[in-house]
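Trainee: The residues making up each chain are set out below.
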Amino acid sequence: MYFCGLDIGSCMSKIVLIDENEDIVCYRSSKSGFEIRKTISNLYESVLKDQNIRKDQVKYIVATGYGRNVALAFFADDKVTEITCHAKGVHKIFPKCHTVIDIGGQDSKAIRLDIDGRVSTFVMNDKCAAGSGRFLEVMSNAIGVSVDDLGLLSMKSKNKATISSTCTVFAETEVISMIASEVKREDIIAGIHDAIATKVSALTRSTGIEDEVVMTGGVAKNIGVVKSLEEKIGHVIYVPPEPLITGALGAALIAKDRYESKICDAET
Amino acid sequence: MIEEFYDSGRIREYIQRGKRIIGTFCSYTPEEIIHAAGLVPVRLFGETVDIMNAYSYIPNWLCYYSKRTFEEGLIGNYDFLDGFVFLTSDDTNQLMYSIWKKNIKVEYSYMLQFPFSVDGTSKNFFTKVLEKFKRSLEDHYSVDITDKDLKDSIEVYNRYRSLLKELYKYRFYTPPKISGSDVLKINLAGYSMLKEEFNDKIEEYINKLSDEEGLPDKPRLYVTGIPIYDPLVFEMIESCGFTIVFDDLCNGSRNFDFEINETISNPIEAIAEGYLLKPTCGTCSRQKSLAIDERLSYINERLKTLNPDGIVIIGDKGCELCAFSQVELRKELAKIKPVLYLEIDFPLAKEQHRTRIEAFLESLS
Chain Z
0 MYFCGLDIGS CMSKIVLIDE NEDIVCYRSS KSGFEIRKTI SNLYESVLKD
50 QNIRKDQVKY IVATGYGRNV ALAFFADDKV TEITCHAKGV HKIFPKCHTV
100 IDIGGQDSKA IRLDIDGRVS TFVMNDKCAA GSGRFLEVMS NAIGVSVDDL
150 GLLSMKSKNK ATISSTCTVF AETEVISMIA SEVKREDIIA GIHDAIATKV
200 SALTRSTGIE DEVVMTGGVA KNIGVVKSLE EKIGHVIYVP PEPLITGALG
250 AALIAKDRYE SKICDAET
Chain S
0 MIEEFYDSGR IREYIQRGKR IIGTFCSYTP EEIIHAAGLV PVRLFGETVD
50 IMNAYSYIPN WLCYYSKRTF EEGLIGNYDF LDGFVFLTSD DTNQLMYSIW
100 KKNIKVEYSY MLQFPFSVDG TSKNFFTKVL EKFKRSLEDH YSVDITDKDL
150 KDSIEVYNRY RSLLKELYKY RFYTPPKISG SDVLKINLAG YSMLKEEFND
200 KIEEYINKLS DEEGLPDKPR LYVTGIPIYD PLVFEMIESC GFTIVFDDLC
250 NGSRNFDFEI NETISNPIEA IAEGYLLKPT CGTCSRQKSL AIDERLSYIN
300 ERLKTLNPDG IVIIGDKGCE LCAFSQVELR KELAKIKPVL YLEIDFPLAK
350 EQHRTRIEAF LESLS
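Chains as they are written, first to last, in numbering that gives the first Met the number 0: chain Z, 0 to 267; chain S, 0 to 364.
Excised from the complex, chain S in its bound form (with noise of 0.2 Å):
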């Protein structure tokens, strides 16, 4: 059932009906205003795990993600792509884009300057950002994006969230309805697809789960971490007896968790306002707290809740986020829950990490 959301033929059908692509690479990209201008926002996995290419034109110690998409870029697995919209949500973000800028060729490319704070001042900030993305998005596309069209992509993109929402509480059953790695490949598959197609699918995908079986019950996993674009370590993790029952990754709950305003009258302030408060992964904080703070307290609430077994913390060395975080986090949550720390590399060095979450699993029983 999770294979038919797979369909890499997709994105060219896309194309073929006139439509035009537009890359995006990080959860904080308000795609509503792509996709209110007509085009297809897709956000890039970075499939690759071979890096061949990219180590002429970037040091090895970046994280995986920025090294896969590039890589990708590189040997024209993206020769779909029309346009790309980087954001300074960190510095490999903000830095990559002049090197993607200048490497790899598209018709579009933008980048978005995101806020560092979240307060009055920078909200209005940020909706000068956003009304002068979708500015750019006119005069290059020859679009008008009215209010109208923006309102009706923030409703589709809110169903996208809630049904999100929806399909990770089959998640926290006992047994559990679906398992993380299958969750996993929904979202992904989720990010190639125009949301308007994805919410039916999700839907009625959802309805059928209802009637589902339970899974076999195993100790139950939180997983917070860098974003996971790939199957693979999910499935691992698992397949050593656990189930993740939650996952905050940024393409995880992150990407969810948070709606945009609909009654706000203009639309790009409500999305401004909806990015801000959207739950942080480290790149930006309220005002008067800390970016980690936040964190904790999104993953404690949800602790309260989920009540799992233990938690793991995905890191990347090339991650300056998690890097500058994972202690904090991993020093706190230990005080509540039995804590492990995956730090991922690819390939994956399987039998190394299969070690570590086997015994995990022994020091929990």
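The following block holds chain Z by itself, in its conformation from the complex (with noise of 0.2 Å):
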């Protein structure tokens, strides 16, 4: 008997197979593209393949993430946001986490958790860029490096830029005009996270603070911004190892949940 989460981000879709035992069977991800349904059903497809695992295993199917109505409509047979999935995935590898900090490619988000691993407030920020996966990844174009190798990149900065402005059009010709001024591309790296973190730390604050703090998404797997993170508001990060997929573990968890009660509705 198996479970499924399917987190349809607005970057990446992820995918985690659990069985009765709530363990990770299998998971995957790939770029969510225009044609989202397509996407789905590769991922779903491509994981029971691989696991020699029936349709008829899987009982039950919960979506999440900004497709979770297209999944919905032809596929899932349940939607959760992701705010919801993150916490429950969260809470499944760190018990003891108050607030989650995910950093998507299109938006970020402060949650806070209550004993029970529920959400008991959010923020999500605005229609802005700033502050998200995609500000990375456009800084990583004008610098010229691959989104994946900033972390490790900033870390040999010695004399951090300043980017003043949030905004990532004018953060971006503040880093031109850096480039133009020959400013060591660590520095200006560190530079890029520090502004990411000033945003997000911000948000954050504005639900409060409390420990045990996860990151999730796939910017917890840049170490720049963790520990720029870190530093502005002053709690130690935990990344699980896996930082893109705890959403989808979570809409998994769920789905399981989901699956039980029915069961239990039926039986009575």
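To be clear, the hints were calculated from the coordinates, so they are not data collected in a lab.
The reader is advised that the hints may include incorrect statements.
[Unchecked claim] Derived pair list, reagent style DSSO-like, types lysine-lysine, alpha-carbon separation capped at 27 Å:
| # | chain 1 | residue 1 | chain 2 | residue 2 |
| --- | --- | --- | --- | --- |
| 1 | S | Lys-207 | Z | Lys-95 |
| 2 | S | Lys-330 | Z | Lys-231 |
| 3 | Z | Lys-30 | S | Lys-349 |
| 4 | S | Lys-207 | Z | Lys-231 |
| 5 | S | Lys-316 | Z | Lys-198 |
| 6 | S | Lys-349 | Z | Lys-37 |
| 7 | S | Lys-184 | S | Lys-147 |
Join the two chains into one complex using the hints; note that each chain is given alone, in its own frame.
Mentor: Listed below in structure tokens is the structure:
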């Protein structure tokens, strides 16, 4: 018996399959792209094929993320927002977590959890790419470094640059003028990480911060952003081994809960 | 049934009947005086979402309402206006007046000075301001506005306010008899109608409503915040699985939750007092108390009787009144009920907002 969580984000789609013991059987991710339906089917089928699992063995599918309504329309049994799913997924890995900072491709959010891991309050950034993965993508493009290499490179910085603007478009202009003044690459990158951390720390502070703090989403893979954020909020930040899939994991766990309560209802 | 309230041809019909239309922008506008002059006060909504021309005159960080109304003025959608009346109720309103005056051609325009505090001195001051305004309308339109005219208009508007109060009660039923979106639509329709006509319609509607079956029972929300002239926002919230059982928006309860004392012999003084004591949006306060504390006590009182499942604060990045008050509001209200803050901008980033609203619903269950 398996349960599936699908997190269709603005940039990446993630799938997690768990068994009845809530252990992860398999996970995978791919670019969401324009054809969400195709992305979802491909992810799902490739996971089943690899694991040699039949469709009827997957008892319940919960979709989350921006594409959750599309997934619900043709595929999933239920939809839940990524805020609830991240909380659920993080609580499973870090039962003492009370603050989740999730930085995804298009948005960033801060979520406060109560003792039972339930969402007590949350904030999301507004119509603005500053403080999101998209900000890093634009900047990595401007300085000619792959997004994956930004984190380690920034650790070499001895003289961090200051990016004053919180607007992606204007920050890019600032970066370009720094390139023209031959500021060191690692210093610019460190400045970029700082700009994101400033924006996200303000967002996080507005919900209040309580240990343990866990960071999820693709940007959590960037050690530079994590360190800068730790400095700004004054708390240690824990990062799960696979920060990209916590939302999908949460969705899979909710799928199991919902399936069990459905069975329970049917029996009574 | 809601549809019958909406009629875009109504304003033209008033003009054909020889009436002249005065545009207003704020719930503090004492429409009774305009009405007593035989004119038709119409609250402007700003229905245009695409801002094409306004940014050549004003910065894009102003509130959506000032941008949208001004855009409509520029493209000629308000060519039915004979005049407009502004108030110094907030900084944007005050400064938009001169931009409107320079760029939107009308026969009559006026700016009313609204006091920042409420006490005996400010009441005397506002009474004088309103007397001057009355004289200005009399001079421009060559009419005499008698005390009898004013008292008749006060009666019409008091009835208007008490009928809206009555309509709002049908939202508190368990289950509610009418949705927040439908009430908002009726409210909006009322803004472009002569209130005596609207009153008859709404009375008939309320009578029918009492026999209606209730709506499906859903988690109940209290909504507070900026003026919402776009039903889309309420529809979006309610379509996520909530019923909005109360709203104290500028064009919600703050528009009708007061009355003008009909026993005061000088009607202008009565109007001045009525509007000064109206539920505040943060623009003015009673002496010895902060405007924000007044807002909070107004909300708290209603939360006690309504006992909603949650509160949604609707804000606008460009609104200084909500920008300065929302942090305190969020902090204080969160002590009583779960709070969601939505910062609205148009065109609406619907999916992002839906995620917040759905997540809020999930966190309540």
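Trainee: For each hint, tell me whether it holds in the structure or not.
Mentor: Here is how each hint holds up against the structure:
no. : hint                    : verdict
1   : Lys-207(S) x Lys-95(Z)  : violated, 55 Å
2   : Lys-330(S) x Lys-231(Z) : holds, 22 Å
3   : Lys-30(Z) x Lys-349(S)  : holds, 23 Å
4   : Lys-207(S) x Lys-231(Z) : violated, 59 Å
5   : Lys-316(S) x Lys-198(Z) : holds, 16 Å
6   : Lys-349(S) x Lys-37(Z)  : holds, 24 Å
7   : Lys-184(S) x Lys-147(S) : violated, 32 Å
Violated hints, in rising order: 1, 4 and 7; the structure is consistent with all others.
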